[in-house]
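Protein sequences, first through last, are from chains S and C.
Taking our numbering, the leading residue of the first sequence gets 1, the next gets one more, and so forth.
Taking our numbering, the leading residue of the second sequence gets 1001, the next gets one more, and so forth.
No lab work stands behind these hints: they were computed from the structure.
Beta carbons: idealized from backbone N, C-alpha and C, even for Gly.
Hints are supplied without guarantee of correctness; some may be wrong.
[Said to hold, decoys possible] Residues from chain S that face chain C, not an exhaustive set, calculated with beta carbons under 8 Å: (1) Ala31; (2) Tyr33; (3) Gln41; (4) Gly42; (5) Gly58; (6) Ala101; (7) Phe103.
[Said to hold, decoys possible] Computed list of chain S residues with no C-beta within reach of chain C, every gap over 12 Å: (8) Pro8; (9) Glu15; (10) Thr20; (11) Glu24; (12) Gln56; (13) Lys71; (14) Glu72; (15) Ser73; (16) Pro75; (17) Ala92; (18) Ser94; (19) Arg95; (20) Asp100; (21) Gly104; (22) Gln105; (23) Thr110.
[What the hints assert, rightly or not] Cβ pair distances, simulated, as ranges: (24) C:Leu1010 x S:Thr86: 17 to 25 Å; (25) S:Lys70 x C:Glu1008: 39 to 47 Å; (26) C:Leu1010 x S:Arg95: 29 to 37 Å; (27) C:Ala1001 x S:Lys83: 30 to 38 Å; (28) S:Val52 x C:Pro1018: 42 to 50 Å; (29) S:Thr20 x C:Phe1076: 17 to 25 Å; (30) C:Lys1109 x S:Asn18: 40 to 48 Å; (31) C:Pro1007 x S:Lys14: 37 to 45 Å; (32) C:Thr1060 x S:Ile51: 29 to 37 Å; (33) C:Gly1029 x S:Phe12: 36 to 44 Å; (34) C:Thr1060 x S:Asn84: 37 to 45 Å; (35) S:Gln17 x C:Pro1018: 48 to 56 Å; (36) C:Tyr1039 x S:Gly63: 24 to 32 Å; (37) C:Leu1046 x S:Ser73: 19 to 27 Å.
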Amino acid sequence: DGGITQSPKYLFRKEGQNVTLSCEQNLNHDAMYWYRQDPGQGLRLIYYSQIVNDFQKGDIAEGYSVSREKKESFPLTVTSAQKNPTAFYLCASSRSGTPDAFFGQGTRLTVV
Amino acid sequence: AQRVTQPEKLLSVFKGAPVELKCNYSYSGSPELFWYVQYSRQRLQLLLRHISRESIKGFTADLNKGETSFHLKKPFAQEEDSAMYYCALRSWNQGGKLIFGQGTELSVKP
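Let the sequences and hints guide you as you build the complete structure.
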C-alpha cells in the first residue's frame, strides 16, 4: 500500500528539548517537503529536499533541522531554538517535475 | 512577491445552494494553481489543478489571469463538501514548493 507516513500522530515536548518528527514515503518520490500549519495562516514551508543528501531552507527554517540520508525518509527535528513550536506539522512528497504533492496525516506537536 | 490570498476564513451555506470559494494570487510568470481539501480527520489531498480543466466532485475552478483569481465553484453544495479548502500556487524557485492561502472552512448545513 503506497503512501506517506508520519509518526507519531501526537507529540508532547518539554521546553528546552529537541524532538524529531518522522516522515517516510514508499512512493519513490524524489522531492519531500515539511510544512507547518497554523490556524489562519495556511501552510508554510520549513524545509524541502529534491534529492538524497541535499536539502534547502524554506520560508520558516529557523529553529528546525532536517536530514535526507535515504530517499524514503525526511525527518524533521524541532530544536529548542524554535520559539513557538506548538503546531501541526505536515510532510509531503512529489515526483520531480510533477506538481502533485501527497501529504502525510500530520503530527501535532505540543510544548508543555 | 508570490502570494495566495483566500479572503474568507469561513463560508457557511445551506445544502443545495451554490458555493464559491475565492482565491487570488500574485505571481510573476505563468502560474500553476491548485485546490487542496482537508476533510475532518483526513489528510490534505489534491482536489483539482487548473491545468487539467477538470471537474472533481462537482467542483470547478477557472483561472482568470486578468483578475489573478482561481475561484472554486460548485452549483449545488452537499453536506459532505464540508471541509477546509486551500488554494495553492506552485513556485518554481524553491524546489517546486506550494504556496498556500490561509484556507477557507466550508460548512454546508442541512
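Going back to the hint list, which numbers does this structure go against?
12, 17, 18, 19, 20, 21, 22, 27, 29
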